[in-house]
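Position chain C relative to chain G; hints supplied.
Given next are the chains, with one letter for each unit.
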Amino acid sequence: MLKKISIILVAVSIIYACTSSEGEDTTSADNFDRGAMLINIADNIIIPAHQDFTNKLAALKGAGVNFTENPNQSNLDALRTSWYNAYKNWQHIEIFDIGKAEELQYKFFMNIYPLTVADVESNISSGNYDLNSSNNHDAQGFPALDYLLYGVADSDAEILAKYTTDLNSSNYKKYITDVLNQMDTKTQEVVSSWSSYRSEFVASTSNTATSAVNKIVNDFIFYYEKGLRANKVGIPAGIFSDNKLPEKVEAFYRKDISKELTLEALNSVIDYFNGKSYGSSTSRTGFSDYLLYLERQDLNESIVNQFNEAKIKINSLNNNFFNQVDDNNTEMIRAYDELQKAVVLLKVDMLQAFSINIDYVDGDGDG
Amino acid sequence: MVKILTTYLHKQTKTASLAVFRLLFGFMMFLSIIRFWSKGWIDSLYIQPKFHFTYYGFHWVKPLDNYTYLLFFICGLSSIFIAVGYKYRLAIITFFLSFTYIELMDKTTYLNHYYFVSILSFLLIFLPANATFSVDSYLRKREFLKIPKWSIDSIKLLLGIVYFHAGLAKLNSDWLFRAQPLRIWLPSKYDFPVIGNTFLQQEWFHYAMSWGGAIYDLSIPFLLFYKKTRTLGFLLVLFFHLSTSVLFPSIGMFPFIMIVSTLVFLDENIHVKFLNFFKAKIKFYKNLQIIDSFKYPKASKSIILPIIGVFFLIQFILPWRYLLYADELFWTEEGYKYSWRVLLTEKTGYASFKIVDAKTKKFFYVDNTDFLTSIQEKQMSYRPEFILEYAHYLGDHFKSQGHKNIQVYVDSFVALNGRLSATFINPKVDLYQEKESFKHKDWIVPFSSAIKIKGI
Chain G
577 MLKKISIILV
587 AVSIIYACTS
597 SEGEDTTSAD
607 NFDRGAMLIN
617 IADNIIIPAH
627 QDFTNKLAAL
637 KGAGVNFTEN
647 PNQSNLDALR
657 TSWYNAYKNW
667 QHIEIFDIGK
677 AEELQYKFFM
687 NIYPLTVADV
697 ESNISSGNYD
707 LNSSNNHDAQ
717 GFPALDYLLY
727 GVADSDAEIL
737 AKYTTDLNSS
747 NYKKYITDVL
757 NQMDTKTQEV
767 VSSWSSYRSE
777 FVASTSNTAT
787 SAVNKIVNDF
797 IFYYEKGLRA
807 NKVGIPAGIF
817 SDNKLPEKVE
827 AFYRKDISKE
837 LTLEALNSVI
847 DYFNGKSYGS
857 STSRTGFSDY
867 LLYLERQDLN
877 ESIVNQFNEA
887 KIKINSLNNN
897 FFNQVDDNNT
907 EMIRAYDELQ
917 KAVVLLKVDM
927 LQAFSINIDY
937 VDGDGDG
Chain C
320 MVKILTTYLH
330 KQTKTASLAV
340 FRLLFGFMMF
350 LSIIRFWSKG
360 WIDSLYIQPK
370 FHFTYYGFHW
380 VKPLDNYTYL
390 LFFICGLSSI
400 FIAVGYKYRL
410 AIITFFLSFT
420 YIELMDKTTY
430 LNHYYFVSIL
440 SFLLIFLPAN
450 ATFSVDSYLR
460 KREFLKIPKW
470 SIDSIKLLLG
480 IVYFHAGLAK
490 LNSDWLFRAQ
500 PLRIWLPSKY
510 DFPVIGNTFL
520 QQEWFHYAMS
530 WGGAIYDLSI
540 PFLLFYKKTR
550 TLGFLLVLFF
560 HLSTSVLFPS
570 IGMFPFIMIV
580 STLVFLDENI
590 HVKFLNFFKA
600 KIKFYKNLQI
610 IDSFKYPKAS
620 KSIILPIIGV
630 FFLIQFILPW
640 RYLLYADELF
650 WTEEGYKYSW
660 RVLLTEKTGY
670 ASFKIVDAKT
680 KKFFYVDNTD
690 FLTSIQEKQM
700 SYRPEFILEY
710 AHYLGDHFKS
720 QGHKNIQVYV
730 DSFVALNGRL
740 SATFINPKVD
750 LYQEKESFKH
760 KDWIVPFSSA
770 IKIKGI
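So the protein lines, in turn, are chains G and C.
Residues in the first sequence are numbered consecutively from 577, following the working numbering.
Residues in the second sequence are numbered consecutively from 320, following the working numbering.
Please keep in mind that the hints were generated in silico from the structure rather than gathered at the bench.
Because the structure is a prediction, the values reported are computed rather than measured.
It cannot be assumed that every hint is accurate.
[Stated by the list, open to error] Covered stretches of chain G (chain C as the covering partner; in silico rule of three or more C-beta atoms under 8 Å from a C-beta of chain C):
1) 811-818
2) 867-876
3) 915-924
For each residue, glycine too, the CB sits at the ideal point set by N, CA and C.
For reference, chain G alone in the conformation it holds in the complex:
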C-alpha cells in the first residue's frame, strides 16, 4: 500500500507537470487585454497629459522669471494667467501617483493645501529653507503661488509692493523662483522617467499588489476619494470635522476657481475611467471596457450616471467654494453626497468585479 501511495503521488505530479506544459501557445482571444489598456493609458492619457503639463509649467516658469525680474502689474497678470492654466492642467496629473511620481512623492511638492502661511512667511523672512523637507510640503507648489500672487496683501498695488519696495522683497522674489524651480525640477524628473518607465508599466499586467494594473486602479480610486471628493469638497464642507472649514478650499486666495478646478478634476477622472485620450475625443480601452468584459454593464452604467449626477450638482454650486460653504453649506454637502455615491460604486463594486486586492497587510482568508 505504501508503494501504491507513492505511485499515486508520482502519477499526480506527472499529470500536474503535463497539464502545466500543455498548450503554451494557446491564444487568448476571449481574454481581456490588460496590456492594451495600459498602453492606452500610458500613450494616450498619461504621457500626453504630462507633455501638456510640461509646456504649461514652462510657460509658468517663464512668466515667473519675467515677474521676478520686472515686478509690475502686467507681469503679475501674465504670471497669474499662466499659474491658472498650469493649475487647471495639474488636475489631470495628480491622479497618476505611480513610478517616479510615487517614488518622489511628486504631488506633495505640487498641491498640498491648505497652505501653512506661517511657514511660507518664516521661510521668506529667514531666507533659509529646504523645500525638499517634508515640513515644507504645505509651503510650496500651486497653493504657495496662490498665496504669493493673490493673498500676500489686500490689493494688487500692495501685492506688487511686496516684490518691489518691501524690505524683504528680494526674498519674496526668490521664494517665487525657488517654488517654481522646485515644481519644474520634480516635473522634469517625472516626465523624463516615462520614456524608460513606459515599457515596464505596460508590461506589468499581473494581479499582484505591486503590478501597474492594480496600482492604477487603486490610485484612481484613492485620488477620487481623497484628492477629489475629500480635499476639494468634503473637508471644506466640514464632513470630517465638527465645523465647516471653508478656508480649506483649493485656490483659497484666488477664490473664484475652486469649482472650476474641481470640475476639471472630475472630468479627468471620467475620461480616465472611459479610456478617453487626453485632449481628444477618441476612446480606447479603459476601466469601463474592463467592466463590460466582465459582463457588468449594470455597474458601468451606474458609475457613468453617478459621475454625471455629481457633475450636475457641482455645476450648480458657486464658482467660489469658500462662499458656497459660507453661505449655503447644505448644497456643498449635497454635492459631496453625490461624489460619495460613486466612491461606493468604485470602491465596493468595481473592486469586487476586478477582484483586486486592496489589502496591504496580508493575511490568510477563506471568505
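Structure of chain C alone, referenced to chain G:
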C-alpha cells in the same frame, strides 16, 4: 440499538493510525506557528492594532502586548510535545487552550480552519494518541497495540462533518446557477500560467469548478470511508487541495492540514508500516512491554464518552442554527460562522461612521484608518457584529475626548457575489444604543436584490 452501540464502543483498532495522526498534526501545527510568526503577523495582527474585534462573551480575551509572543511560543512548543508524544495530555490541553486563546483575541482573523484546529485539538484531549510511538510510551516502557475504534473514528467523523457541511453549503443558487463567487475570482487569476488566460476566463469552466467543488465536498467523506474508493478519494483530496492552494494562496495552511488529516482514512496497516519504518531507525526505541489493548479506566470512560457525544451533537447542530434567522444568511451572516462555509461569498463593503451630537445636530465622519488596520477595516465593512462593536468603540472614544450627546450612525454599502452594492445598515439607527445579542439585528437593511439566493 444500545446493543449495537456497546458492541461498537468495544471494537478495537490498531494504535498506529492515531499515533501517526498525532505526529503529523503536531508537526503541521508547529509549521503553522512558525509560518505565522515569520510572516510578522503576530505584530501586525495582534500587537499593532489599537482595537480588537472580540467574540461575544469573550471580550476579556485580549492580546497580551509583547507577551503575545510568549503565547505563540507556548503554543508552538506544545505542538512539538504533541508530535513527539511527550507529556501528551498536558501538551494537547496546553495547545488547545493557547491556540484557542490566540483565535479569540481578534475575530478579524477568523478562519474556518483555525476553528477546525481548535475543535480538533479539543477532541484530541480525550484520545489516547500517545499509546504508541511516543516519548511517553518510551518512558513508561510500554506501548499498546490496540485502542478503541471509536477514538480514530471520531477524527474521521469530524473530517466527514467538515467536508459534508462544506458541500451542503454550496447547494445554493449563487454557487450552482451563477457560478459565484468563482466567476469573480477565477478570471482575476488571469496571470496564472497556461490556464489563466484560457480556462479561467471561460464561463463553462466556472460552472464546472462550482459543481465539481460541491460534488467533491459531498462525496469525499464516503469515498474515503469505503475501501474500494479510498484511493480515488485520496487522489481527489490531493488534486483538489493542491489546486485550491495554488489558485487561492490566501487560504494558507488549510489545504495542507486537510491533506494530512485525511491520511487518517488510510488503511491501518499503512500506518503500522509507516511507524515501523521509523521505529527501526530510532535505535533506542526498543525493549518496550507490548500490551495488547488500551482501555480507558471505567471512571474516565463514563465522563469522556458523554463529552464526545455532546461535542458531536453540537457539531451537527451548529451549522443549522442559521435557520433560526429570517433574513438572507449570506447578507446578514447571522449564523454563518462555525459552519464550514468556505470560500462561499465574495463580499466587499464600505462603512463610513458618522458621529452626531444629538443636541446640536453637528456631525463629522470618522477616518477608519485612524483606528483600524486595513484588514480590520475590510472585515468590518460587511459584518454587522463588527460594525456594532466598532460603533461602540468609536462612541466611547469620542466620549472620552469630551464629546457630548453622542450618536453613532453608519453609511454602509455591501456588494455580494457580483450584485450591485446596496445599503447594508439602516443609516437612521443610532448604533450606540444597540446591543450585541444572538437575536436578529433588525437594523440590518433586509436583503433586497432581485437576484435572490435559494438553497441550503
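Evaluation of the provided hints:
1. 811-818: holds (count 5)
2. 867-876: holds (count 4)
3. 915-924: holds (count 6)
Of the numbered hints given earlier, the model fails none.
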